[in-house]
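Visitor: Sequence:
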Amino acid sequence: MRSQAVMPLDEARAWLAEVISGTDRLRIETVDGARVVCAAGPHGLERRLDGAVSGPAMFWAIDLTGFVAVNVLVGPTPAMALAHSSVSFLEPAEPGILRVAAEVVKLASRSAVVEVRVSDRREHLVAISTLHFALPSRATRLALADGHAETVAR
157 MRSQAVMPLD EARAWLAEVI SGTDRLRIET VDGARVVCAA GPHGLERRLD
207 GAVSGPAMFW AIDLTGFVAV NVLVGPTPAM ALAHSSVSFL EPAEPGILRV
257 AAEVVKLASR SAVVEVRVSD RREHLVAIST LHFALPSRAT RLALADGHAE
307 TVAR
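Numbering (the working numbering), first residue to last: 157 to 310.
Everything labelled a hint here was simulated from the structure, so no lab data went into it.
A few of these clues could be false.
Taking CB as the label site, the calculated pair distances span [what the hints assert, rightly or not]: (1) L246 / R294: 16 to 26 Å; (2) D166 / S244: 28 to 38 Å; (3) E174 / G207: 15 to 25 Å; (4) R204 / S177: 20 to 30 Å; (5) S275 / H199: 11 to 21 Å; (6) A173 / P212: 37 to 47 Å.
Values in this document were obtained by computation on a predicted structure and should not be read as measured data.
All residues carry an ideal CB built from backbone N, CA and C; glycine is no exception.
Taking the hints into account, I'd like the entire structure generated from these sequences.
Guide: Here it is, written out as structure tokens:
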């Protein structure tokens, strides 16, 4: 899906810092249309007893990167909700920075579908996911965006 992001990289970083505490755990690296790449960790990512990054920590990074990818396309929409997800953990992720790449593959008026790939510090693909987000109505999104524009202008 080729779309133009409504939030450039610097604005997306500032927005994420506003809406999510602990954003030092996830950093937006690139915004390219419907694709966002983030880096997660290494600090703040829980590990399993064997030292690998835990599944819940990877899911946190997957969910948040997907959330960012949709928001850079439609504008700030904190009222959207994850309606469904499917995650396949392919192999244990070595401790270190995770690269999380999310692409919005379908954007409709009330939903968005995002494909996400996670690679560990060895650049091994360690997880793939499909996320389905439920979006508020366009009228609600526009009202939220107007409020965001006023906050940024201050």
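Visitor: Given the hint of 28 to 38 Å, check if D166 and S244 actually sit that far apart at their C-beta atoms.
Guide: 33 Å, holds
Visitor: State, for the Cβ atoms of R204 and S177, whether the hinted interval 20 to 30 Å holds or is violated.
Guide: 25 Å, holds
Visitor: Take the C-beta atom of A173 and the C-beta atom of P212, compute their distance, and say whether it sits inside 37 to 47 Å.
Guide: 23 Å, violated
Visitor: Take the C-beta atom of S275 and the C-beta atom of H199, compute their distance, and say whether it sits inside 11 to 21 Å.
Guide: 18 Å, holds
Visitor: Look at the Cβ atoms of L246 and R294 and judge whether their distance stays inside 16 to 26 Å.
Guide: With a Cβ separation near 37 Å, L246 and R294 fall outside 16 to 26 Å, so the hint is violated.
Visitor: Holds or violated: 15 to 25 Å for the Cβ distance of E174 and G207?
Guide: Distance hint for E174, G207 is violated at roughly 34 Å.
In terms of the numbered hints stated before, the structure departs from hints 1, 3 and 6, listed from lowest to highest.
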